[in-house]
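So the protein lines, in turn, are chains A and B.
First residue of the first sequence: 9, per the working numbering; consecutive thereafter.
First residue of the second sequence: 9, per the working numbering; consecutive thereafter.
Honestly, the hints are just simulated from the structure, not real lab data.
Please note that a few of the clues may not be correct.
What the simulated footprint calls covered on chain B by chain A, stretch by stretch (three residues with Cβ under 8 Å from a Cβ of chain A suffice, anywhere in the stretch; the number is not a length) [what the hints assert, rightly or not]: (1) 25-34; (2) 65-73; (3) 115-123.
The structure displayed is predicted, hence computed values, not measured ones.
Backbone N, C-alpha and C define an ideal beta-carbon position, used for all residues, glycine too.
2 protein chains.
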Amino acid sequence: MSEVAATGPAHRFGPLQRFASVIRLHPEKEAEYRALHAEAWPAVLAMIREVHIRNYSIFLRDGLLFSYFEYIGADFDADMARMADDPETRRWWALTDPCQQPVDTAAEGEWWAPMVEVFHSD
Amino acid sequence: MSEVAATGPAHRFGPLQRFASVIRLHPEKEAEYRALHAEAWPAVLAMIREVHIRNYSIFLRDGLLFSYFEYIGADFDADMARMADDPETRRWWALTDPCQQPVDTAAEGEWWAPMVEVFHSD
Chain A
9 MSEVAATGPA
19 HRFGPLQRFA
29 SVIRLHPEKE
39 AEYRALHAEA
49 WPAVLAMIRE
59 VHIRNYSIFL
69 RDGLLFSYFE
79 YIGADFDADM
89 ARMADDPETR
99 RWWALTDPCQ
109 QPVDTAAEGE
119 WWAPMVEVFH
129 SD
Chain B
9 MSEVAATGPA
19 HRFGPLQRFA
29 SVIRLHPEKE
39 AEYRALHAEA
49 WPAVLAMIRE
59 VHIRNYSIFL
69 RDGLLFSYFE
79 YIGADFDADM
89 ARMADDPETR
99 RWWALTDPCQ
109 QPVDTAAEGE
119 WWAPMVEVFH
129 SD
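Just chain A, same shape as in the assembly (with noise of 0.2 Å):
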């Protein structure tokens, strides 16, 4: 995967794609999460937009977080495996993968689960 990041094209730009996906958050962890994500470090933000990841943004209801963002970039899953690389967002991932937990429905190993687009209007 360092590899891949390493070759990552930053430097290139591709159609946008939408993403949306769903996970669980523990009930006894959700003040925690929203303290990280209110203050989150600018190291990991940076590598957001390193990735071409634009207009991100996670909500909550029930237990449940929606995430939604926008995807610029030309090559997916270099880019992610890329962020996946970064020492910081290693780091931040630490703290909130133990906020969260996968929906029942979630493929192995998958940890936010990927949401079907049924409808868009610019």
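Once you've looked at the hints, dock chain B against the given chain A.
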């Protein structure tokens, strides 16, 4: 409501506000709901833009619909009242409402249930 709609500030713009909400989709209505939204009526799409809604997407997973849109108007309540008063939109909702069911935690009379934004990065 028609008074409000008729005097809606269609020309005014405010700062962008993000709205996310959730509702259930009846499993037996998924095909019908997706078919409707794959070919949404031009008059309905026109009204969505007229009431200052932009970048509107609906995503589906596990019988849950997640809605995300951006509002660029100056009077959200008046704009929503205006849309709710539009005959074509009401005809559309007469087809889509039976596909949906508010989540158990929805407030009395609430349809799409609002979510709380816990993170955003431009």
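Okay, the hints, checked on the actual structure:
no. : hint    : result
1   : 25-34   : holds (count 3)
2   : 65-73   : holds (count 8)
3   : 115-123 : holds (count 3)
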